[in-house]
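So the sequences go chain by chain: A and B.
Start counting the first sequence at 1; every next residue gets the next number (this note's numbering).
Start counting the second sequence at 1; every next residue gets the next number (this note's numbering).
I should point out that these hints are in silico values taken from the structure, not numbers from a laboratory.
For every residue, glycine included, the Cβ atom is placed at its ideal position computed from N, Cα and C.
Among these hints, one or two may not hold up.
[Unchecked claim] If you want the footprint, here are the derived chain B segments under chain A, 3+ residues with CB under 8 Å:
no., stretch
1, 84–98
2, 333–347
3, 360–372
[Claimed, not checked] Some chain B residues well away from chain A (every beta-carbon gap over 10 Å; in silico):
no., residue
4, Val-8
5, Ile-18
6, Arg-75
7, Pro-141
8, Pro-159
9, Lys-279
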Amino acid sequence: MERRTFITTALAGTACIALGVNYCSSDYIAVNKGLDDKHRLLFSVLVPVFLDGALPDVATLKRDAINRTLDAIEHTISILPQDSQAELEQLLGMLEGRLGLLILTGSVTPLMMRNQSELIDMLQSWRTSYLDMMVTAYQGLRELVMASYYSSPEHWSRLHYAKPSFLEDRP
Amino acid sequence: MAIEDPIVTGLDSGWAHINAAQLSESQTLEADVVIVGSGAGGGVAAEILTQAGLSVIIVEGGPLKSSSNFNMEERRAYPDLYQQAAGMKTADKAIGIFQGRAVGGSTTVNWTTSIRTPEPALEYWSQSKSVEGLSRAELDPWFEKMEQRLNISKWAYEPNRNNQALKQGCEQLGWQHTVIKRNVKGCWNTGYCGMGCPVNAKQSMLVTTIPAALEAGATLVSQAKVMKLEHHNDKVFAVKAQAVDDNMKPLAIEVMFKAKHYILAAGAIHTPTIMLRSKLPDPHEIIGKRTFLHPTLLSGAVFSDPINGHSGAPQSIYSDEFVWQNGADGELGYKLEVPPIHPILIASKTIGYGKSHAELMEKFNQLQVTIALVRDGYHENSQGGQVKLTENGFALDYPLTDAFWRAARRAFASMAELQFAAGAQQVLPISEGMPYLSSWNEAKKAINEMELAPLKTVVASAHVMGGCPFGEDPKVSMVNSFGESHYFENLSVMDGSIFPTSLGANPQLSIYGITARNATRLAEKLTA
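Isolated chain A, as found in the complex:
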């Protein structure tokens, strides 16, 4: 369903690309917001790339870890201050829209239709961009994904870490 929404998106005029990010940021043209207002689809594509090698190897455990991370991301976004939340929504909205994708990635192909190496190339181009906007987009998403993933005690086994257990009355 979501994939179809991506594909059947109407084309917006290209004139506003030249006007830059802010003008285009509020449009939300690709994903039906009613179906995915928490950006889970978008993050379900990004999380495995950011956390490649850190996620569990076993498929079912990996799926559970991704789902927990998506829940944590949703929670993290909900507690961000108003300004940060607005900035993040702007970025996520762009990544879910063709126009925004074109501006940020140079291609209108929806992220979920890109393969792992294309997604790595995308993150790498943001990370090393000479435009601060791209670098902050990369860092903002990275920090959100990392903080959300490592918030779950279930995800600490590869770290060989657990919190002390002397206070069992405080789950």
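Since the structure of chain A is already known, use the hints to place chain B on it.
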């Protein structure tokens, strides 16, 4: 094991606490003194003023959380106890800032390091910033008083392995190092100070001065975000606060406070923000300017033996080898310390993703981290940042200058040299493009050539200072050396915002000592 929660016990015994989020209608409260903020400044002031027989209301924007809430997990501590869930950043996002936001302020979450204000800082303030009466000799009795009050003493146990590496490196290289004094009583040495002490050993404001003030009849109002001071001529006549929910979202309840005297102690970001929102007179345009951060660089090191940086007192050794090396206003100096190492903290303050990130995290327990806190605010090319109002709050602009980057390069080199001297197998300066380095010789060359830039180099801060400096000359200060406003007869400022420069040392004891002095003087005036 069940640990008694002194806050729960105190509330049960009848302490006056109002959670503004639970009020059903707007209210006005009155007292002799209203204190905005409950951190190092507000807490100490509250205790001293109540002991002098004055009625006191403490207004805190954050929630009242206590040991039964502290479960040693970052996912709970950061949203509950830190500004912006520990994700606060400067306007260009180049510096991440950790600042407390709960009853007890940053003292609830700091790492307990307690250092008297360094003499070169006090001398500089006296000579260049018109601060009077704050020589070390004059301040030492106040530091002694607060050290006794908060059980501040030299850490008598072995440093944890993370701090031990810092010590060993210093010993090998003949660098100055000091065993840290900590404000703890019966510390369990677990390493979770940054998430709220789970066993009430840390002598934060939350378990010391604020309970003492409440016991003596003070009122605590939490989740009440102060929006502005109402003022006319040379008098403040009210403080207006808005109730906020658990996520700091505003509620439709307003609480008004009226007092004979008002104290701003909301920290070096929020005190200036409140002043700016209140449009206080500021003829020399000082408010919110010269905000200092001790901008901090990180250097990771992989050791062959377990470091377990999450375990044990987080800070027990520091090195001042490079802090004042070039004089107060010469090239920027830096203090060497170590941070605790916890999963979210380390994952978010390192760089990269995918395989390289996974490889780093697999070394989690072998990872030693050294930090260099750069002493800002003295050199002419280090004038700090500026707090500005935005539509929904504030922004802190903090340009990282050439002088800072020169210090950063020296600091990365010092940290790598130290870590190799302590036996590190590899060193990883936390900056884009830097590989794992395998020897001091390799590191020296790579660091000399490394690209340093905002957003490429990880820079963090846990110390916010300045923005409302003290001094006798109104051209360079907002309040006098006792923290009393130059413009309002019933307004004082008692927090880290009064520092005219950074300190070159972790700030809590400076705030405790100077507040003790200034609040004692205020109590004398108000009870005369």
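If any of the earlier hints don't hold here, list their numbers in rising order.
6
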